[in-house]
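Spelled out from the first residue to the last, the chains are:
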Amino acid sequence: MFLSKSSLGKVVRAQVRFKMTAYMGAVLSLIVVQLVGLIISLNGTGSMGTSIDNISIQVNIVTHDGVFMFVAIWALFVGNLITTKAYRYDDFSFVTTRLSGNIANIIILCMVSVFAGVTTFLSNYLLRVVLLLFGSSSYLKSPGILENPLSSYLNVMVIIILILTAASAGYFGGMLLQKSKVFMVLIPAFIIAIPVTKSGQAFLAYVFMENESMLFLLVKLVSITIILFALAIVTSNRLEVRA
Amino acid sequence: MSNVAILSLLPVIIMLVIAWLIFGGLKKVAKHISMNQRFNKGVIIVYTGLLLLAAVVYEFLPDSGYEMITQKEYHQFENENRAFKQAFGNNEVSKLDTKFLIEEWTQELEGDTFAIVSPGSDRPAVRGYVEWTDTKERVVEGKMYRTNLYMYGSNLKDKLPLLKMQWQGNELLIERPAKQEIKFYGFSNQLVSLSGILSRHEYGSLDMQGETYIYLKVPKHMNVVDELGFLLY
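Protein chains in written order, with my numbering: chain H, 1 to 243; chain X, 1 to 233.
Hint data in this document are derived by calculation from the structure and do not stem from the laboratory.
Source: prediction; values computed, not measured.
Each hint should be verified, as a subset may be incorrect.
Computed cross-link-like contacts, BS3-like style, restricted to lysine-lysine with a CA-CA straight-line distance of at most 25 Å [what the hints assert, rightly or not]: (1) Lys-183(X) - Lys-85(X); (2) Lys-143(X) - Lys-85(X); (3) Lys-143(X) - Lys-141(H); (4) Lys-72(X) - Lys-157(X); (5) Lys-141(H) - Lys-183(X); (6) Lys-85(X) - Lys-141(H); (7) Lys-141(H) - Lys-164(X); (8) Lys-159(X) - Lys-136(X).
From chain H, some residues computed to sit far from chain X (all C-beta separations above 12 Å) [said to hold, decoys possible]: (9) Arg-13; (10) Ala-14; (11) Phe-183; (12) Ala-189; (13) Ser-223.
From the structure, some residues in chain H lie toward chain X, with a derived Cβ separation under 10 Å [claimed, not checked]: (14) Val-16; (15) Gly-25; (16) Thr-45; (17) Gln-58; (18) Asn-60; (19) Leu-146; (20) Val-158; (21) Ser-180; (22) Phe-208; (23) Ile-226; (24) Leu-231.
Just so you know, even glycine gets a beta-carbon here, dropped at the ideal spot from N, CA and C.
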């Protein structure tokens, strides 16, 4: 018998509110990571070149790739970080179950991924403005957000989902590490095996290359993310209780 | 696994190492900094505001960049180049589009012989045509045309130095411009690492180099020493 009746929704909402404040440091580290990515991207993230009659033409393309790489790694770390004991024990401040804790964590990772995705996309515009105002080279006009809103929206979605997939991989990996230290060896071995083995390469090609449109990619990434979160929940249910 | 695949993984590994070092450094620094919630919120709001402001400012920056052409325009310009090449090849002077005319001149020569030469070992990429006229004077008329030049989807005709054509005595010198490197910035809303699966990269497929054409009108009684292999009619 309890004095107050609390539903799963209410517990999750309270936990999310608490975690939003508690994990603000992670968002600050995201900003630092993005700034590092921006500095590295100042010279462009790719380049193309050709020459005509003694004149060599070089185009430095400034994209989100540099910042995105750092943010994706950051998401992997953050997903992993919130599975550590210190963070998990925060849940015990509430009347909670493992399920509510996991749902709250997933919601927080989704929210952080949206913030990270949108800011990663916008960081490209900060670079554009800095290079156009202070750079010495000419530039080729490129579509902005207003000129191509649908494409911009889809690109933001792709970035958000990719970051969320990285976060879910980190979350699942973190749960496995909490279960057994054997995974400290198995996870890096698995990560190396993906691009090295034929089946791993086939998997990467299926997810990232064999897509007729961006929508296919989004569906695949969302499916992978859901599977990873589900596996993380199942794994966390088998963890030992707090001593 | 091929060497190319291993090499393509290198940047990712380097990125991972750099990121690892940065996160390690951040953790150490964070231990010594105690920031309150208000400060944290302030930093996040200022940063987000700055990014939004950059996106707005970019839309309102004065247009000084090179305009990108559409696929439709690309095909139209390509057809113009093809039509010009055909007309030039068939000696249909009246059909040569005057919008491609770069310069025209008339030169009075002293002797009955002149040479078309190019200094250096590399021949300039130029198509030439010499038409004989019945005039008794020693006057050579010349016209230089440059067809559409679009690189990475932008009209770079005014940015790139053209072939130089100048008279030195009885020699018509056709020179390539001095070696030079021109740099541009290009921006993309797409992740280039995924551009294979996303729509084709904005800059990749809209190249059209065009050509330089030189059209000369030479009196029949004159001799032309042609090192560049112009079409002599």
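Query raised in the report: Any of the earlier hints contradicted here, and which numbers?
Result: 1, 3, 6, 7, 8, 14, 21, 23, 24
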